[in-house]
Structures are given as C-alpha cells and as structure tokens.
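A.B. asks: Produce the entire structure from the sequences given, and follow the hints as far as they go.
Keeping their order, the protein sequence lines are chains A and B.
All residue numbers for the first sequence refer to numbering that gives the first Met the number 0, where the first residue is 0 and numbers rise by one.
All residue numbers for the second sequence refer to numbering that gives the first Met the number 0, where the first residue is 0 and numbers rise by one.
Treat each hint with caution, since some may be false.
[As the list claims (entries may be wrong)] Straight-line Cα separation of at most 27 Å, DSSO-like style, residue types lysine-lysine; simulated pairs:
#: 1; chain 1: A; residue 1: Lys3; chain 2: B; residue 2: Lys334
#: 2; chain 1: B; residue 1: Lys330; chain 2: B; residue 2: Lys320
#: 3; chain 1: B; residue 1: Lys118; chain 2: B; residue 2: Lys270
#: 4; chain 1: B; residue 1: Lys210; chain 2: A; residue 2: Lys3
#: 5; chain 1: B; residue 1: Lys149; chain 2: A; residue 2: Lys204
#: 6; chain 1: A; residue 1: Lys204; chain 2: A; residue 2: Lys333
#: 7; chain 1: A; residue 1: Lys349; chain 2: A; residue 2: Lys242
#: 8; chain 1: A; residue 1: Lys349; chain 2: A; residue 2: Lys91
#: 9; chain 1: B; residue 1: Lys116; chain 2: B; residue 2: Lys320
#: 10; chain 1: A; residue 1: Lys361; chain 2: A; residue 2: Lys333
#: 11; chain 1: A; residue 1: Lys242; chain 2: A; residue 2: Lys284
#: 12; chain 1: A; residue 1: Lys242; chain 2: A; residue 2: Lys308
#: 13; chain 1: B; residue 1: Lys334; chain 2: B; residue 2: Lys270
#: 14; chain 1: A; residue 1: Lys308; chain 2: A; residue 2: Lys333
#: 15; chain 1: A; residue 1: Lys204; chain 2: A; residue 2: Lys250
#: 16; chain 1: B; residue 1: Lys292; chain 2: A; residue 2: Lys204
#: 17; chain 1: B; residue 1: Lys330; chain 2: A; residue 2: Lys2
#: 18; chain 1: A; residue 1: Lys3; chain 2: B; residue 2: Lys330
#: 19; chain 1: B; residue 1: Lys270; chain 2: B; residue 2: Lys330
#: 20; chain 1: A; residue 1: Lys333; chain 2: A; residue 2: Lys250
#: 21; chain 1: A; residue 1: Lys2; chain 2: B; residue 2: Lys270
#: 22; chain 1: A; residue 1: Lys361; chain 2: A; residue 2: Lys311
#: 23; chain 1: A; residue 1: Lys333; chain 2: A; residue 2: Lys284
#: 24; chain 1: B; residue 1: Lys149; chain 2: B; residue 2: Lys210
#: 25; chain 1: A; residue 1: Lys91; chain 2: B; residue 2: Lys118
#: 26; chain 1: B; residue 1: Lys320; chain 2: B; residue 2: Lys334
#: 27; chain 1: A; residue 1: Lys52; chain 2: A; residue 2: Lys91
#: 28; chain 1: B; residue 1: Lys210; chain 2: A; residue 2: Lys204
#: 29; chain 1: A; residue 1: Lys2; chain 2: B; residue 2: Lys334
#: 30; chain 1: A; residue 1: Lys361; chain 2: A; residue 2: Lys250
[Said to hold, decoys possible] Partner residues are not named here, just some residues of chain B that face chain A (Cβ under 10 Å, in silico):
#: 31; residue: Leu25
#: 32; residue: Asp32
#: 33; residue: Ser41
#: 34; residue: Ala43
#: 35; residue: Asn46
#: 36; residue: Gly47
#: 37; residue: Glu143
#: 38; residue: Gly148
#: 39; residue: Ala152
#: 40; residue: Val156
To be clear, the hints were calculated from the coordinates, so they are not data collected in a lab.
Think of the CB as a built atom: it goes at the ideal place given N, C-alpha and C, for glycine as much as any other residue.
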Amino acid sequence: MFKKYLAVMLAGTMLVSTLCLTGCGNSGSDSKDDKKASSEDSSSGGDNLAESKELLQKAIDDIQTTDNHQMMAEGTTFDVPEAEGDAEALEKLDDSDMNKWHYYEYLDWDSEADSRFPESPADGQKGKHVILIVHGAHAWTTCYQEAFEEACEAVGMTCDVYDPNWDQSTQDGYIDQAINEQPDAIVVIPVSADHAGQQFKKITKAGIPAFCSNTLPEADAMNNILAYTGPNDWYQMRNLASKLGEELGGKGGVAYITHNVGTSPYYARTFGPMSTLAEEYPDIKSLDVQSPGFEASAVKQVVSDWITKYGKDLNAIVLADDSDQAIGATEACKAAGREDILIVAAGMSKQGAELIQSGELKYASYQSCQADAGLAVRTVSEYFNGEDIERVSYIGTDIIGADNVEEYLPCQW
Amino acid sequence: MKNKKIKISANLINENRSYLFLALILIIGLFVDNFYTMYNISAATGNGSLVIWLGLGFTVCMIAGHMDLTIMYMSTFAALLCLGLHGDQGLPWAVCILIATLAGVLVGCINGFLVTKLKIHSFIATLGMQFVLKGSMYIYTGGEELSIGKDYAFSDVLNDTPVGFLPFSTYFLITTLVVFIVMIVLRYTRFGRNVYMIGGNLETAWLAGIKSDGVTTMAFVISSAACALGGALNGIYSGTAGITMGEKGISPLMIALTATIIGGTAINGGKGSVIWTWVSLVAIALLKAIFKKTEIQVLVIAAILIGCIVYETIALYNRNKTVGTRPNLHKEALKELGKSH
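C.D. replies: Laid out in structure tokens, this is it:
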C-alpha cells in the first residue's frame, strides 16, 4: 500500500514539475509579449506616450465624482515632522499622547532600505493592464471599484478586480494569482496594515510595480511600495476633533467607537481625535473606547450603556463610520432623550448626509471614495508616462456640517 | 459477470475519489492560462498548506471516531504565540515553534481528558475549547495582529522552492513530510491500528484489550500538535497572524472538514487516510488557483462535496440491502476481486 502511495505521489509530482518546466498551457506570457509588441507598434506608429498623456489630461479635466468634484485631482503631500524617539520608545507613551502615534500617522520610511523598483517603461499608460485587489465587499468598495474602472477606461488601461471579502489569507492568494498573471501594475488595498509589508515585498520581488491605495500600510512596507495614494485619515480626524473640541467649549467627556481593531482606520479614527483633544483641550476627558463593529444594533447597545454609566459626563461620541454606526448611536441618544450629545464621524455616506441634514450628526469628515480611486489611477498612469511621482499623496478633505452638506450631495455611496 | 464489473468500478471510485478529484483539477489546469508555472503551483500549494495541517488533525480524530473543532483556533493561537515570543521576547524561531507545538500538546491533552475521563462528547468539548483559545488570544494580543516585522529571513526560507525543478515551497514540503510520517504511524504501528479499531467499534476495541482512553487522548494530542506546528510555521510563512483569520473568507475548518469527507474518511470513524485528505486539500488549493472568484470556489467545492455524500449514501443503501441476506458477501466479493486480478 505504501509503495502504491509513493508511486502515485512521485508520478504526480514529476508530471506537475514537467508541465511547469515546459510551461504547458502558459499562454499568458505569450499574450504579454503580444501586448508588448502591440504597444511598441502603437508607440512607433502613433506615439503612444503622447496619446496617453493626452488621454490622462482629458480624464483629469473631464471626469467628475457623483457629488460634482474633480475625480482625478492632484494629490497633496505633507512634510513629515521629526519623531521624538524611536518606535519602541514611543510605543510606551500614553494613548492620548500625540507622539505615540508618529509611526502610525506618517509613512516615514528609510529610502536607503528601498527595494529595487522596476523602472517606468515611459511609453504611456494606454494599453496597460492593471490588477486591483480590494479589501472586501462593502458599499464603499463597490463605489471605489466602479470609479477605478471608469478612470482606467478613460485613460486607456484595462483592469481586473479581485475581492477577497476581508479575508487575509484569501487576499494573499489573490496577490499570488495577480503576480502569476504578470500584469503591468498591481494596486492593493491591504486588508491589514501589518501584513502589507510581506504582500508588497512579494509583488516588488516579482518585478511588478506595486501601488498601495486607501489603507495606510505599516511604514516599513513603503520600502516595497512604489507609491501610496489615499485619504489622510489622521489629518482629517484631527481636524474633526479640533472642531468638536471647539463645539464642546473645551470641556466634557468623549467616548469612541472604533473601526475594525488592528486596521489603519482603527488607529487614525480613535487615537487621532483622542490625542488631538488631549493636546488642544486638556479638560476634555476620554471616557471609553469600544469596538462593537459596524452593526447599528450593537452600537446602539454600547451607546445606551454609556449613557447609563456616564450620565451627564458623556457629552460627545466619535464614530469611525457615519453610516450604520451613526444610525445606532443617534438612535440610542434619541431613545434616552440625550439629543444634547454631540456625535461626529468619519464619512461620508448617504446615511451620514441625511443625519447631518436632520441635525442628529454634528459633523463628518469628507473622504471622497471616487477621488481615492481617481488618484490611484492618475498616479499609476503618471508612472507609466515616465513622470516623477510622489511616494505618498493624499486626496483632499473637508469637514461637513449642516451649513455645507449641500455641496457634497448626492453622496457617492 | 456484468454485475461484478460494476462492483469493481464502484469500489475503485470510492477508494480513489480524492485522486480522481486531483486528476480532474490537474486536467482542467491544462486549459487555464498560467496555471502550470513554477510560481503558481508553489504559491497555491504553499497557501493551502495551513489547511493541510488542519485536515491532518481533523482526519486523525475522525478516524478515532471523534471531532476536533479546535483545529482552526489552535493553529491561530500557535501562530500568535510563535510571532509574539519571537517579536516581544526575542526568542529564536526554533524555540518559538517548539513552545507553540507544546501548547498544542497541552490543548490536545485537555481535549482528551474532557472526552475520555469526563465523558463529554468531543463536539461539545472541543467547541468549548475553541472559545477558550479565542479568549486567550484576545487577552494575549488585545485583538491586534502580530507580524514578523523586518525579520524576513526564515519566512523567505519557507517561501523558497528548495528543489529547483520541484514547484513546491519549503513550507509545503515540510507539511507533506509530516503527513507521510503520520500516515506511516497510523498504518504500520500498533497505536495506528488501535486508532482505527476504536473508531470502528469501541466495544470490540475494549474487548480486544485496547486502552481506548489513552489512544483517544493521543489522537487529540496529534491533532492539536499538528495544527499548532502548522499554525506556527504558517505565521512565519505568511509573515502575520490575526485572531479573525479565516472568519471572513471560506473557513479553514470547513475546508478541512470538507476535504476529509471528500477524501473518504468515514464520519463515524474507523476508516480513512490522512493521505486521502492531503490529496483532497492539494486539489482544493489548486482549484482556488483555477477559479479565482471566491463565490465560484465555494460553489465548486460544495458541488464536489454533495457528489461525494450522495455517492456514499447510495453505496450505504446498497450495502444495507444485502445485510442479513448473505453474511459472507463481503468475503465473496473480495474473493471475486482477487480472481479478477
């Protein structure tokens, strides 16, 4: 019996090895060669680079988000301030200390440790194939994906989208599949900031340009990422906290509902506002931090418990999400007759806009999903056109309240 | 004569259905772009290795007539422990892996004790234990993921393909080696035969003088230790570990269970092989590289599982029809089979 197993295993292994070594069924590389040849043809005949630049400029000028803003607007950059100690020393500081979060907030990588990135072909983005690997199914993701596809089409690129449904190991599998398909570039929204380093290392090692979008990776991952584009979550949440502190008159108690634990929005949307309030308004106390997830009923339960426990000491709530979390929180406040509690959230969704209009949600940060996708496509295109690209660039932001919510309607998702 | 031929082919299908499943996937792969590349096969089997460790543990327990639902959390627990000890305490990888595996042995002993001494059904005992493990993980990590940081050296070794012409990573080769060792233990040692015996008929095993408690406990220890070792290696291989691993995609526990059944291991115990499970899980790992959409993967795996269950049900029905009519039918069939060869 053992001999039978061994014989079957050896035969199977040798068969698979032979097929791999001979490249049986490996038409992908042929198609890539064809694509390269056609790209060369078009560049020699019709100047693909000039045509690509023209297409990109037209897309930048013409494509609008559903709330009538420029979708492929230029990104903004920030200077990274000096850290007050190494990561290990800062980690020991209190959660409400701004310095503690330096290495979470800023992608302060060491350029000397950069991997060897593939050089730009500088022959134009037109005809290039990009694979987008998102983090998981959500209304936001659908909106992002559609905007990404629209932008790609407008600049003459083709794209495939893989959705791992928030599962880390599935996303790892998709990264491998994407590498195996040898596209011209891979754009990833990492499920986990901590795991991004290994994922991008694989892509860059395979000689494929790797771009990170939306979710902030760990700083070290930047050594394997050609460029990061996305929202400046820390900046927008700090602005939101400043506004909240002002509304509270510099005193009161604040509680926090977080994003999924361990993700980059978890840190930015919890400890960004918490440390800002501690710095700017020392009399404002942080009462509690809870992670009930994104179900309105679970959030309602947590907020109801807070109202019972803290009573009049609870003056404001900061939410990581302005849709289901906001619905749960506002319902709990209404049920307890505590409409005086100020609620602010990261946004912006249709539910969030409605709650702002009704006055139940005081402020939300503006984070354009479509501009996020547009900036990613713009950066990838500029790379293919041989232009200098920023290693980190952020989309624009704003604080939305009852006075300016009309400017951001209809909502993107 | 005609009937005999049908019986032979039915038996062949039943005993070799995992091989047929793998062959089917390999044939489909011929028509898929970039399937037979060193990178693809290496990545697919490497990514599928964790579930092979889970399948190994689950199969051993199932052959012994029990279920071990702790396998997934056991592997995650071990991965977190391994990465945590290396990152926080600075212990060498070998020591971290050893401690993680010993944690698996401990959990296996507790599971065995609950099942054999306290007479708690293995389903309930291991269900409870998996929540104990989950709670422990939350206390240990505070819900955060742990990663290997900048220490990629050993991770790269596990990811590399050590034998040039073989499209398999070191991690997958270690996994396969352990599966073969467990297969040899189950098939060629007294302990292994006792595992099959207590799974097949506990009363008979007792009458034969087998100390079923010890064998059962050992089956749980092998299961938990294998999952812990696999989990620790997987944490290093993938570079990270998180508590919610597998909770949002297709659950590794469900994949391991499905592959065990597809492979042909009997749900009631007494029959099965870790090699059958290994073959089924390799087939599922490669299937994921063919059908890229998660929804399609789930659908195809479910269709194959349903096919196997329907086949088993019909086979059982046919077997039961003959019970009592000709007591020596099985011997006769074997005799006929022998003649035909």
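A.B. asks: Against this structure, judge whether each hint is valid.
C.D. replies: Verification of the supplied hints:
1. Lys3/A <-> Lys334/B: 21 Å, holds
2. Lys330/B <-> Lys320/B: OK: lysine 330/B and lysine 320/B at ~16 Å, within 27 Å.
3. Lys118/B <-> Lys270/B: Given that 27 Å is the threshold and the Cα spacing comes to 23 Å, the pair holds.
4. Lys210/B <-> Lys3/A: 32 Å, violated
5. Lys149/B <-> Lys204/A: Between lysine 149/B and lysine 204/A the Cα gap is close to 16 Å, so the pair holds against 27 Å.
6. Lys204/A <-> Lys333/A: 54 Å, violated
7. Lys349/A <-> Lys242/A: 22 Å, holds
8. Lys349/A <-> Lys91/A: 39 Å, violated
9. Lys116/B <-> Lys320/B: Not satisfied, since the Cα-Cα distance of roughly 38 Å exceeds 27 Å.
10. Lys361/A <-> Lys333/A: Since the Cα atoms of lysine 361/A and lysine 333/A sit roughly 14 Å apart, the hinted pair holds (cutoff 27 Å).
11. Lys242/A <-> Lys284/A: 16 Å, holds
12. Lys242/A <-> Lys308/A: 26 Å, holds
13. Lys334/B <-> Lys270/B: 21 Å, holds
14. Lys308/A <-> Lys333/A: 17 Å, holds
15. Lys204/A <-> Lys250/A: Answer violated: lysine 204/A to lysine 250/A is near 52 Å, above 27 Å.
16. Lys292/B <-> Lys204/A: Distance of about 25 Å is within 27 Å: holds.
17. Lys330/B <-> Lys2/A: Holds, because 25 Å separates the two Cα atoms, which is no more than 27 Å.
18. Lys3/A <-> Lys330/B: 23 Å, holds
19. Lys270/B <-> Lys330/B: 18 Å, holds
20. Lys333/A <-> Lys250/A: Judged against 27 Å, a Cα distance of about 23 Å means the pair holds.
21. Lys2/A <-> Lys270/B: Holds, at about 20 Å.
22. Lys361/A <-> Lys311/A: Holds: lysine 361/A and lysine 311/A sit about 18 Å apart, inside 27 Å.
23. Lys333/A <-> Lys284/A: Holds: lysine 333/A and lysine 284/A sit about 23 Å apart, inside 27 Å.
24. Lys149/B <-> Lys210/B: 49 Å, violated
25. Lys91/A <-> Lys118/B: 47 Å, violated
26. Lys320/B <-> Lys334/B: With Cα atoms ~20 Å apart, lysine 320/B and lysine 334/B stay inside 27 Å; holds.
27. Lys52/A <-> Lys91/A: Measuring from Cα to Cα gives roughly 49 Å; hence the hint is violated.
28. Lys210/B <-> Lys204/A: Judged against 27 Å, a Cα distance of about 54 Å means the pair is violated.
29. Lys2/A <-> Lys334/B: 23 Å, holds
30. Lys361/A <-> Lys250/A: The hint holds at about 17 Å.
31. Leu25: 7 Å, holds
32. Asp32: At about 4 Å, which falls below the 10 Å cut-off, the nearest Cβ of chain A leaves the hint on aspartate 32/B intact, so it holds.
33. Ser41: Nearest chain A Cβ about 9 Å off; hint holds.
34. Ala43: Since the shortest Cβ distance to chain A is 7 Å, the answer is holds.
35. Asn46: 5 Å, holds
36. Gly47: With Cβ-Cβ at 9 Å, under 10 Å, it holds.
37. Glu143: Holds, because the Cβ-Cβ distance from glutamate 143/B to chain A comes to roughly 5 Å (cut-off 10 Å).
38. Gly148: 8 Å, holds
39. Ala152: Where the cut-off is 10 Å and the nearest Cβ of chain A is about 13 Å from alanine 152/B, the hint is violated.
40. Val156: 14 Å, violated
Checked against the numbered hints given earlier, the structure breaks hints 4, 6, 8, 9, 15, 24, 25, 27, 28, 39 and 40 and satisfies all the rest.
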